[in-house]
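Student: Using the sequences plus the hints, can you model the full thing?
Residue numbers (the numbering used here), protein chains in the order written: chain S, 1 to 706; chain D, 1001 to 1706.
Hint data in this document are derived by calculation from the structure and do not stem from the laboratory. C-beta: ideal position from N, C-alpha, C; glycine also. Do not rely on the hints blindly, as some may be mistaken.
When the alpha-carbon atoms are kept at most 30 angstroms apart in a straight line, the in silico DSS-like pairs for lysine-lysine are as follows [what the hints assert, rightly or not]:
no.: 1; chain 1: D; residue 1: Lys1539; chain 2: S; residue 2: Lys651
no.: 2; chain 1: S; residue 1: Lys334; chain 2: D; residue 2: Lys1358
no.: 3; chain 1: S; residue 1: Lys93; chain 2: S; residue 2: Lys116
no.: 4; chain 1: S; residue 1: Lys636; chain 2: D; residue 2: Lys1093
no.: 5; chain 1: S; residue 1: Lys110; chain 2: S; residue 2: Lys62
no.: 6; chain 1: D; residue 1: Lys1651; chain 2: S; residue 2: Lys534
no.: 7; chain 1: D; residue 1: Lys1358; chain 2: S; residue 2: Lys27
no.: 8; chain 1: D; residue 1: Lys1617; chain 2: S; residue 2: Lys636
no.: 9; chain 1: D; residue 1: Lys1334; chain 2: D; residue 2: Lys1271
no.: 10; chain 1: D; residue 1: Lys1334; chain 2: S; residue 2: Lys617
no.: 11; chain 1: S; residue 1: Lys364; chain 2: D; residue 2: Lys1334
no.: 12; chain 1: S; residue 1: Lys358; chain 2: D; residue 2: Lys1506
no.: 13; chain 1: D; residue 1: Lys1636; chain 2: S; residue 2: Lys110
no.: 14; chain 1: D; residue 1: Lys1617; chain 2: S; residue 2: Lys321
no.: 15; chain 1: D; residue 1: Lys1358; chain 2: S; residue 2: Lys636
Beyond 10 angstroms from chain D on every Cβ pair, some chain S residues (computed) [unchecked claim]:
no.: 16; residue: Glu89
no.: 17; residue: Ile108
no.: 18; residue: Gly155
no.: 19; residue: Tyr214
no.: 20; residue: Lys233
no.: 21; residue: Glu279
no.: 22; residue: Lys321
no.: 23; residue: Gly609
no.: 24; residue: Arg639
If you anchor each label on the Cβ, the simulated ranges turn out as follows [what the hints assert, rightly or not]:
no.: 25; chain 1: S; residue 1: Ile37; chain 2: D; residue 2: Asp1267; range: 57 to 65 angstroms
no.: 26; chain 1: S; residue 1: Ala456; chain 2: D; residue 2: Gly1109; range: 52 to 60 angstroms
no.: 27; chain 1: D; residue 1: Ile1108; chain 2: S; residue 2: Glu419; range: 52 to 60 angstroms
no.: 28; chain 1: D; residue 1: Ala1264; chain 2: S; residue 2: Ala456; range: 31 to 39 angstroms
One-letter residues, chain by chain:
2 protein chains.
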Amino acid sequence: MTKDQNIKYLFEPQSIAVIGASNDKGKIGNAVISNIIKGGYKNKIFPINPKGGEIEGIKAYKSILDVPEEIDIACVTIPAKFVLESVKECAAKDVKYAILITSGFSEIGKIEEERKLVETAREKGMRILGPNVFGIFTAEASLNSTFAGSVIPSGNLGIITQSGALGLAMIGQATVGNVGLSAIVSVGNKSDVDEGDLLEYMITQDRTKVILIYMEGVHEGERLVETLKRASKIKPVVIIKSGRSTRGAMAAASHTGSLAGSDAVFDDIIKQCGALRAENMMEAFEWSKFLANNPLSAGENTVIITNGGGAGVMATDACEKYNVKLYDDFNHLKTIFSPATPEFGSTKNPIDITGQAKAEDYIKAFNAALHDPEIHSVIGVFCESSRFTNEDLDMAVEQNYRQFKAAGKPIVFGLLGGETVAEYTREARRKNIPVYEDVYAGVEALGAMYSYKRYAEEKEDEVADFKFDVAAVDNIVYNARKEGRSFLFANEGQDVMKIIGISVPKSIVATNIESAVRSAATIGYPVVMKVVSKDILHKSDAGGIALDLENEQEVISAYEAIMRNCRARMPRAVIEGVAVSEMVPYGTEMIVGARIDGSFGPIVMVGLGGIYVEIMKDVSFRAVPLGRREVMEMIKEIRSYPLLLGVRGEKTRDINALVDTIIKIGSVIRNCKGISDIEINPLILYEQGMGAMAVDVRIILSRAER
Amino acid sequence: MTKDQNIKYLFEPQSIAVIGASNDKGKIGNAVISNIIKGGYKNKIFPINPKGGEIEGIKAYKSILDVPEEIDIACVTIPAKFVLESVKECAAKDVKYAILITSGFSEIGKIEEERKLVETAREKGMRILGPNVFGIFTAEASLNSTFAGSVIPSGNLGIITQSGALGLAMIGQATVGNVGLSAIVSVGNKSDVDEGDLLEYMITQDRTKVILIYMEGVHEGERLVETLKRASKIKPVVIIKSGRSTRGAMAAASHTGSLAGSDAVFDDIIKQCGALRAENMMEAFEWSKFLANNPLSAGENTVIITNGGGAGVMATDACEKYNVKLYDDFNHLKTIFSPATPEFGSTKNPIDITGQAKAEDYIKAFNAALHDPEIHSVIGVFCESSRFTNEDLDMAVEQNYRQFKAAGKPIVFGLLGGETVAEYTREARRKNIPVYEDVYAGVEALGAMYSYKRYAEEKEDEVADFKFDVAAVDNIVYNARKEGRSFLFANEGQDVMKIIGISVPKSIVATNIESAVRSAATIGYPVVMKVVSKDILHKSDAGGIALDLENEQEVISAYEAIMRNCRARMPRAVIEGVAVSEMVPYGTEMIVGARIDGSFGPIVMVGLGGIYVEIMKDVSFRAVPLGRREVMEMIKEIRSYPLLLGVRGEKTRDINALVDTIIKIGSVIRNCKGISDIEINPLILYEQGMGAMAVDVRIILSRAER
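Tutor: Set out below in structure tokens:
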């Protein structure tokens, strides 16, 4: 699916029809048209109802085909069994977007019925939002075509949600949290329009400052990745994806019909795209609100100003958790904060102005931070004390907040205390001052800002363009497929490696003792030998492997032993011979892979080999295409990364060779449609400058040509 | 420090003196006495002020020595420089507890001054709370001898806090959260009375249902462990320990003078004690409140009842995160929930009663759960919908809550929505109904309950009693110390292993080629050889190691090579010979250790050997003494644990032998006061029944006899 040039019509329609509009207050068709009117939509409204007449004071048409003007959007609220007919009519009328509020399609297993709706629409170039959505609110057009019960406050947050019920709850929470919306769209079953299309509009629209997405499953992941990457360079995108847990994913699949995919893959790829993943609704709203209302800091130097030592320690812990960097030029800190800090306090960041601090002491300390160019953001912590009243708090918090904001310095406040403080907090939050009842929540918001800032300000990573002989690889795949195989033989896998320039051990297949001996001499001792048979999957269990063979005599005995073992243990296996290979020097065993992910399309994976992958799950993922820096970030994410830098006096491993390997197999998986899965395990990684070697390569073919 | 028999006097004093009592409203001495009077303390109050007269309407004495009656508690609020004199007088007066509110001692480096206070008190058997505290509130005696500004609500939560400022904030938060306190005590510098003493009282006091501790550093960790374990069997203990991060620990050290110790050790040992570690104040209060007001469930079967699929998925994710077990007998679920679930809903847990659900549908579903004996706890999720008003919510939530509570079934509610829902939530929370604005928060509270329940109901683990020849180990230590060493030689370490029955490789030290050859023959080929020299720490760097020597010729060449290498690379090293040892068969390399921890005294540690420990930090800790089950739990906590169960067709490792080894070295560290550190690395672990072998043993001696 390519970029939708019409998407603007969905958000800024010149006319809207409501199919199933009704005067009956209990009906969704009434809620929708009432909301459109109440919301103050200025353009044309066409109620459609077979009875005609007037609906909510507007002339109704019996059929959309009767409407004498062009229609941009049609909201469909009639029962499921009539929807296909209605879609046909909308398409015939050249409607641009049909919003199918009606449910009862793929989410209850009626996949075929849903497919037909899309097919019908596409024939005429109409697009479908839904089915199973609550509609759309867009501040740009003052259009509220949802069936939500309440007035939706306008503002800067754009929301895309896969869950209708949560969408309605989000509208509510936005109101409570004093977060206005630029738009909210529910995508429901995503039969056609999905997050990628909607992002396209929200990226460029000025009104939207922050985008919040709730999703359960990914459609068209390749496009989503591309759009998200682009969006996150321009404005923050916060994503909640439920179905994190195995059981949660099952639940999501059962109620939306969408496959959740691996949460680990999702998590890594969302990070790659620069989006911020929130765990739950509260977190998502807190982040969104903070990001919409506060500047990005100019740098990473943060100070904590507190009147309580313990609370300062907790704020410090929170900074480590949320990756907020505490400024630690202690001399400079002393110079600027000493005047504000009493003798028993500390200027070591946390700046502890002690329990004796009054509002004016806070102001003094805040001012020092405000005017110092080395300090980029501030965490103000107040433990309730008899030293300040609500008015004092107001003086210390609100005024400073305004000044910091004006100066482009983010500041958050953690207020710990009783009724007085709680009351002040509620009030200040209503004014969108970033005040929190706990230091962790404030620091978390600041951490979200930094996380976004780091991505947004990073120079764009150039896609690593690796060219290779695609036809040669395709040819190998073609031949394997001709033989009815769904995988490549080991030697074919090695051939693929050779084509893309990844080193593999020298290897010759021998079919008798004499040729084994000759092959060993050609390759050079020591050698290893492995049985070759498509019937023997677990070579070592069958006794089909011999390592470290140092001379002719050992090759001969090993050959005999392998044959004896395999015949005894796998009597029915057809043995084609024995592969004689060079003995690969010791190095760090990695695993790298590339595959077509059900959600995201081509992805790559890296981890340390062996049990690191199996037991510790110490792997990371990225979507393809990608740049060298993205690959480096992926490698650095594995917990065992320090091993590659050399431990116990070892030299650094050839990380460049690892990056190259990943980019190469990423290119294969992207360009060779016949391949669905490549795994090199182990890839032996040598010292810097010494490269890497793919010892075992497993390549699986796509079920059908993609 | 043994158990304090007097601790009751601190919480239920018959008389209290306030030293530094004053009529001057600005002074702490006035705040304290006013609070005592306002709080309704019924027993005797003696203001002490050199001017005499009356203070707040009560006759004042010029000196505590003038008071004609017995005094249980003396609150000291005078400046630091007068405190020692005052402590002397209190001790002379046989006061039981001096509460030193005054600050300016060890927390600002005046350690010696603080030590003197304690010494002076102890001479007369008086105990000290503080210095640097805000006083004590105890509901049992209606005594509020703090300088907090507000009235403290009575209730069931007992709080112990190391931070005064946070303590005052906690009093405030308790009031806001409608959590009453049975007591709150600040321990300040913990010069004498600490958490252990205070727990002693709170454990047995009926009024206290939940104990909440805020701490920054651990004093007398051994006693704390013992007390916490006992406490957690009787009532939940929630602990916040700040200084989790490296920088936070530094900050804590600088403002309280307490060493934070390793957070990983703290975390593991708190788990061992059955206490619940909260990360921050909010979490701690939410857990405490839930635990104080709700029953423990009878079993682990939880159901989610929701009107929104997406919200149900999020609740499911939260259940995995907080280890709440979802009931999954789908047939039974279907039987009991079908009548409450419409056609398009789901009974598969989450029970999705769909967006059409009204209050009565919730009640129907809740009732089914309430009356079914297979279901032990419930998570109710409501997404705002036009289907219910506040009155409906009230009907669906509050009534059900009361019924579930009466039936001994915990239930939590997550209400997602706008103003209406927020308003209802605030109101319901005031009535202590466990209603949350997000599903995660509710599930988290339920998770805390389950975590506590699992510990409390588990049969107590018998301390594994391992007897060995302590005198023989002490003798080895004695000899090493006599030679001025602070560590044991490898062979001495092996001797210790032999004394406690841990296998070590056979090994003989040879001082020339002939004896090396003889030793190898005695031990049996293959052997390994390692240089013996106290000057060569890194044997392999010096070329002082040879492995897998299979015959006499190889032993001879290896001996020569080792001598040549070591002389070339370490020309000044005195070489005592070469240790010839049996070649240890391959197995799983573990690391086990025992040491005297600065905070907790004797502790043990386990992890997988090699880079697992160094890079992945995959280790776990427990305090000694401990039982076999505790050791098993510690082993199961390491992420690489599945390796010990056998992967890739390997057999299970001899986990029993690992448990034995840990218990044995735990016993050594506890009983042999001369040893501060034992590390076996690697301990090779073989297949089940084949035991373990300690290949390298490093033992460090205590600086002085403990």
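Student: If you test the structure against every hint from before, which numbers come out violated?
Tutor: 2, 4, 9, 10, 11, 12, 13, 15, 17, 19, 21, 22, 24, 26 and 27
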